[in-house]
Amino acid sequence: MKRLFLVVFLVVAALIFSVKISVLCSPDNADALKWLAQEFMKQNPDIQVEIVPLSWEVLYPKLLQDLRSQAGSFDAFTYDVMTTGAVSFGLVDLGEFMKQHPELVPEDYDLDDFIPQVLEESGKWQGRLIGLPFYNNTMLFYYRKDLFEDPKIKQAFKEKYGRELTLPTTWEEVVEIAQFFTKKYNKNSPTEYGIALMFPRTHTLFYMYLLFFGEYRNAPLGIMRHGTADLEYGEYFTADHKPAFNSEEGLKALEMMKKLMPYSPDPLGSDYGETIEYFNQGLVAMVPQWTGPYLIFKNTLGEDKVGIIPMPGRSVSGQWALGINKFIPEEKKIAAFKFIVFATSKWADKNKFLRFAVAPARISTLKDPEVRAADPRVPALEVTYVTQTHRPRIPEEPRLEDITVETFSKILSGELPLSMETLNDLAKKWEEILGK
Amino acid sequence: MKRRIVPWLMVLPVLALFLAMTIYPFGFMIWASFRDYDLSKSAETHFIGLSNYFQIFRDSTAIESMKFTVKLLAIAVPLELVLGVLIAFLIRGVKGEKIIRSSLLIPMMIPPAVSGVAWKMLYNFAFGPVNWFLSFFGVPKISWLGDPFYAQLGIIIIDIWQWTPFIFLMIYAGLQSIPQDLIDAARVDGADWGKVFLHVEFPLLRPLILVALVLRIIDCLKTFDIVFMTTWGGPGSATHTYSFYIYKIGISFGWNIGYASALSVLLLIVAIVLVNVVFRLVRMRQQLGFGGEE
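Protein chains in written order, with numbering that gives the first Met the number 0: chain C, 0 to 435; chain B, 0 to 293.
The set of hints was computed from the structure by calculation and includes no laboratory data.
Idealized CB from N, CA, C, for every residue including glycine.
One thing to keep in mind: the hints can contain errors.
[Stated by the list, open to error] Label-pair restraints from in silico Cβ distances: (1) C:Lys159 - B:Leu89: 51 to 59 Å; (2) C:Pro416 - B:Ala270: 33 to 41 Å; (3) C:Pro189 - B:Phe135: 20 to 28 Å; (4) C:Lys41 - B:Phe46: 53 to 61 Å; (5) C:Lys183 - B:Val93: 33 to 41 Å; (6) B:Lys140 - C:Pro150: 29 to 37 Å; (7) C:Lys159 - B:Pro139: 24 to 32 Å; (8) B:Ile98 - C:Pro150: 40 to 48 Å; (9) B:Phe46 - C:Thr227: 39 to 47 Å.
[Unchecked claim] Heads up, simulated DSS-like pairs for lysine-lysine below, C-alpha to C-alpha not over 27 Å straight-line: (10) B:Lys221 - C:Lys427; (11) C:Lys428 - B:Lys66; (12) B:Lys66 - C:Lys61; (13) C:Lys241 - B:Lys66; (14) C:Lys61 - C:Lys251.
[Stated by the list, open to error] If the Cβ cut is set under 7 Å, some of the chain B residues that face chain C in the computed set are: (15) Leu8; (16) Pro12; (17) Ala15; (18) Gln151.
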């Protein structure tokens, strides 16, 4: 009887004295975060963590609405790198917080272990540390290893194009290979189409453009014309923050996208889910995709059929960081801080990658022998993390993104001419929005 | 004095709820439409007069979204009306009427967001049943969501599929209420099926048809979910409906509450004008017995 009382007392006490925090997140990383929350609560029974996944379309408006109204209806959240500028005002300055609460920072929590560019891009805004890198997403180029290694297919390719079928390093090479793997142009092709492209009207098209533009924008001539892109404005802008896409490089990128379209099933009508399915079902031989779908491909097609290389042009970053709502009480801030530090620790970074394919943000994870042996994406990730391109992080980004996707979509569908004039008109709209 | 207070106290909770849920948001929308109110910059606002309203007519996407909404209104609503009336008449007295009636209502009962997902799969270029079915007739694969023309057609088809049952339901209910002796009397007088429809049934159903038409016009002006779930307004601006554009400006991409409010006020005005035009055109006020100036 005494034991029962004791158990009841402890349960009641835990309920009364525990702090409950809610964490909003993107569905991409929700499973990993839920698992980490369970692990965290085992070690911290005085803190209850509730993970609330929200789709991208809902998460960002909800964050902005709540932060602007200072309602504090959630305590921590994952934010997309491109929304950093817009949500930064409502985030706790973690640098200051760490100074005020040094006892809350574990000894082995090493900020310098984060990939420097990742910490800068997803964690910092105008010099302040506002988030801790959680999901270092990037785009990789997946291909059908079994087809690329098939001697008969290799021979047929050599006969048709006079060169070896090698893994593509440029988009020009991708065009040739995609044509070869498209039945319409090669009736012996083992796949219906060469490549699955996602150029729909959603924000996908905005980052897909950078896969192509990034190559030309960061080539010596592009750098000479536009300067080096900074991490707040990204490759869409010149070094002095003017639109960079209304240029020879910008035109070339769209031309390349158009060149590839005949070898892709429904590029303007396909998004993330469709392109994954096209590759998964063996309809295409290649697909540029994010890090996450690897597990789907591996489970459906088999590890031996899925090859991974860095993007032939330039990849694009799609990072997510964990931040704390500035407008919540101090005890909740402390609980949320403990959780986000736990969820971004070295141990968490390694395990979330191995278990849930959530791309690592720490150097130690990439160097870990167990990780390297377990996951074939690591070599490609290492190259990609230092060469990838970046979207703008300024508060106006969503609006710029929408009008850009509208114009690009019209260019790709043939509604608007692919000309400098069209791009200049778009640049004018950008300047209006930016108030220049 | 007490007698005066008690009724007020009884009504007060409902009145407060009405003010909070309807009048306040409505007033806020009007207020915001005259201000520079952009949440991506700051929560503070300032008065800018009619600038947001003038902006609408300089905004090419707003114009294009108006055009597509008008297209949807002009094609989908009349077709729904004709099909709904036709089906209601055709299934009357048919064997298995109850089963057919219930089955016909299914599209209307599915939430638009869910039917959007279903139609996205149906329209899938490579694996979708629509292209698979059309292939039997030698039709090459169609990019239902990636080609401006087919994307618009696709949205119109979904709207017709989803809302024809609504018209059908109203007309079917109306048909049940027509006294059988009126029809019998007409038949005794020698009227055939067509004359019974034209001179007995249709005049009696007209008020119902008009109510259904007005409700569909209002609903059509607010089309959002299907576009959100299938095309996201694309390709280009081909399938942007006006409501979807308001959502994007106000919530998803723009956070420009002021401009979104001005767009909403305009939609409200258009809806009121359109409904009144319909009422006047068909002299419905007179038929329903209110207004009475005509």
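Going through the hints against the structure:
no.	hint	result
1	C:Lys159 - B:Leu89: 51 to 59 Å	58 Å, holds
2	C:Pro416 - B:Ala270: 33 to 41 Å	37 Å, holds
3	C:Pro189 - B:Phe135: 20 to 28 Å	26 Å, holds
4	C:Lys41 - B:Phe46: 53 to 61 Å	55 Å, holds
5	C:Lys183 - B:Val93: 33 to 41 Å	47 Å, violated
6	B:Lys140 - C:Pro150: 29 to 37 Å	32 Å, holds
7	C:Lys159 - B:Pro139: 24 to 32 Å	25 Å, holds
8	B:Ile98 - C:Pro150: 40 to 48 Å	60 Å, violated
9	B:Phe46 - C:Thr227: 39 to 47 Å	42 Å, holds
10	B:Lys221 - C:Lys427	31 Å, violated
11	C:Lys428 - B:Lys66	21 Å, holds
12	B:Lys66 - C:Lys61	30 Å, violated
13	C:Lys241 - B:Lys66	33 Å, violated
14	C:Lys61 - C:Lys251	37 Å, violated
15	Leu8	32 Å, violated
16	Pro12	25 Å, violated
17	Ala15	22 Å, violated
18	Gln151	12 Å, violated
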